[in-house]
Amino acid sequence: MTDASHPGLAACPGCVATPRDAADVAPQASRLALSLPGIHCQACISGVEKALNAHPGVTSARVNLTLKRAMIDADPDVAAADLIPVLEGAGYEAHELDLSAISATATSKAGRELLLRLAVAGFASMNVMLLSVSVWSGASDATRDMFHWISAAITLPAIAFSAQPFFRNAWSALSVGRLNMDVPIVLAIVLALVTSLWETMLSGEHAYFDAALTLTFFLLAGRYLDHRTRAVARSAAEELTALEVPRAFRIEAGVPQERAVSDLAIGDLVLVRPGGRMPVDGIVVDGQSEIDRSLLTGETVPVFAGIDTAVSAGEVNLTGPLTVRATAVGTDTSLHRMADLVAIAESGRSRYTSLADSAAKLYAPGVHILSALSFLGWYLWSGDLRVALNIAAAVLIITCPCALGLAVPAVTTAASGRLFRKGMLIKHATALERLAEVDTVVFDKTGTLTAGTPELVNLSDHSPSHLAIALALAEGSAHPLSRAISDAARAAGVTAARVSDITEVPGYGTEGLWQGLRVRLGRAAWVGGGQSDRTAAWLAVGADAPVPFVFADALRPGAAEAVAALQASGKRVWLMSGDTTPAVQALADRLGIADWLAETLPQDKAAKVQQMAQDGARVLMVGDGLNDTGALAAAHVSISPASALDAARVASDIVLLGQDLEPIAEACGTARKATRRIRENFRIATVYNVIAVPLAVAGLATPLIAALAMSLSSITVSLNALRLR
Amino acid sequence: MTVLSYLIPISLFLGGVGLLAFVYTVRSNQYDDPEGDARRILSNDWDEHPKP
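From first to last, the protein sequence lines are chains A and B. Quick note on numbering: the working numbering labels position 194 of the first sequence as 194, and the sequence is numbered without any gaps. Positions in the second sequence are counted from 1; adding 1000 to them yields the working numbering.
These aren't lab readings, by the way, just hints derived from the structure by calculation. Quick caveat: nothing in here was measured; it's all calculated off a predicted structure. Cβ coordinates follow ideal geometry from the N, Cα and C atoms, glycine included. Please note: incorrect hints may appear among the correct ones.
Claimed, not checked - Keeping only pairs whose Cα atoms sit at most 30 Å apart, straight-line, the calculated DSBU-like set for lysine-lysine is:
#1 Lys50/A to Lys1051/B
#2 Lys571/A to Lys109/A
#3 Lys1051/B to Lys109/A
#4 Lys68/A to Lys1051/B
Stated by the list, open to error - These stretches of chain B come out as covered by chain A in the derived footprint (C-beta under 8 Å, 3 or more residues):
#5 1014 to 1026
#6 1029 to 1040
With the sequences and hints as input, model every part of the structure.
Put into structure tokens, the structure is as follows:
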């Protein structure tokens, strides 16, 4: 093959470069992990591997497309920060991953173990089924006995290995005096083996070795599906955490040194660069800047920070470098104290009983009583212990919860897969069921309904010359408001005026000289502007009266559609924010939300959500900030965007991976459909039991009927679940 | 029926070989990246000779 036939990058539109600021310097390590969110085809794999392997010092690099990750073995002096520009040069977005936050090994070990048990059960059940079919089709006498003995020789070790998870679960439930789904399963398997062995010894006609094995196989399949769904969600959630490499710059002997956040102590001087997040609570000792508190309080207006300003962990430094003396570190920071609200509210969550649990609660005692009754009845009527035991075993096997064991995992796997493709990550096992019951949706404002980036709203109020000066000054700064001005002005076709001597005064604004006049763009107090209750930057030209540039928060894509769709499906939508009343009211009017609360404290949010729950509402909370975590944990079910603080993501059941909010409305629909399918599956399983159980109790069930009922019900249930895709 | 005494051990042996092969694939991490492995076949790197 020649290079001309190579599909190349053009074949894959996702391979377009996404430029991004290079991540911080990595610690020295020989094993590195990079997240590659943009890759999705064969050309991406070989492109990334070629680029990485060509880098000096890299021993080997392998891409995992399923996890969208590259694992790299390299010399100790190669850092992730060296490799990210290499990949960006080749056109791939790459982020460093904190390997210590990815505990994939434990998860994949459990999955591998289940897969092995599943394989052994499948292998054994196929062989035993082969022998059983010969018995059913007429093998008799010595041949039948031999077949039964061979089956026993295969079945006993296979069950001893494969069914261990059920034995363990049943034992742990019984030892605390409870019944779960695994108790009847273990009883059915053990009773089937004992009676079959007994029958084989006495040259009996019926042996249930195949039933015991297929039962184990189907149930393990359900467990494995369940495990995979959760493992995918867990690894994606871990990846979000691993993307935030916790490092800070500590000033040691006058020089900033990169250190892990956990190494910081009270009294340390920490340098926080523009764009960085405060790692500790502290007091500013040097520098001037503005800080963004929106993740903590929901306020969108940046706050001025100078010497002696108190700052809290989690706030973002916007303009100038700040040196902070730490007053609280680690778990003592206000960030962590607020996250404690979560632990309190979380305890209410665990009271929720899943559909599977409530089915097991009905099912387990029912099956035991039925089987015991048929044993007693037959023993009293025929006086033959062997017949009675055989029939009790047949009842247990026929009512086997195969279909019940598959009913929930098959549906949740299908539904989670569907939502994952839409960019939603289902973290909690019962999140879908809870989402299906939601009738009230509470949104946070900043960072959730809005993108957290300001948008200039009064461009048309300004004269062209003012706009040209503002554009020139705005381009001299990386402040979010400056960037909003330059984006809006460039989009309107404004060209920058010739302004000389542009300097940025951190925390205040930018100034320069235009036609000999001093021009300033910045905070009202510095420029001489008036008061405004909305976010504004002021422009002063010479001695003229300053003019305001007013900003509103840009809506997140899909926000309007999501709110409209939720309202159309009959849900009450609330807006709760820590921001000022005018800002919240403006957004509520824009989206058509009638119920809103402004200037709420974190405790108020959680209390309001709890009060709604007491009034009988099922609340879905959507929020991203630390001030939302209490409410997220108190709500019936909660969603947070991937851009949220770690604490908020931990507190929520579902994480929204993309920027778009629109999937939320669809997720409610999918969740309702999934719950309907689960109930349908329970009904299907019940119908099979209603037909087969009377046969078993009457003593008419044969191993053939048991095998048919079991396989048919399991397959119907799985197919029904697949309809959801 | 003497043929059974050959056939049953043979079928068990063959099944066992399959099981061992599966255990080997699980142990050597061959199910870690099903999506990537499915696409790697389209690549024409190492078409001429295997990766050293």
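Here is what the structure says about each hint:
1. At roughly 13 Å between alpha-carbon atoms, Lys50/A and Lys1051/B fall within 30 Å of each other, so this suggested pair holds.
2. About 42 Å separates the Cα atoms of Lys571/A and Lys109/A, which puts this hinted pair outside 30 Å; it is violated.
3. Taking the CA atoms of Lys1051/B and Lys109/A, the gap is near 28 Å; set against the 30 Å cutoff, the hint holds.
4. Our distance criterion of 30 Å between C-alpha atoms is met by Lys68/A and Lys1051/B, whose separation comes to about 22 Å.
5. Counting residues of the region 1014 to 1026 of chain B whose C-beta lies closer than 8 Å to any C-beta of chain A gives 7; at least three are required, and the coverage claim holds.
6. Using a Cβ-Cβ cut-off of 8 Å, 8 residues of the region 1029 to 1040 of chain B lie near chain A, which meets the minimum of three, so the contact claim holds.
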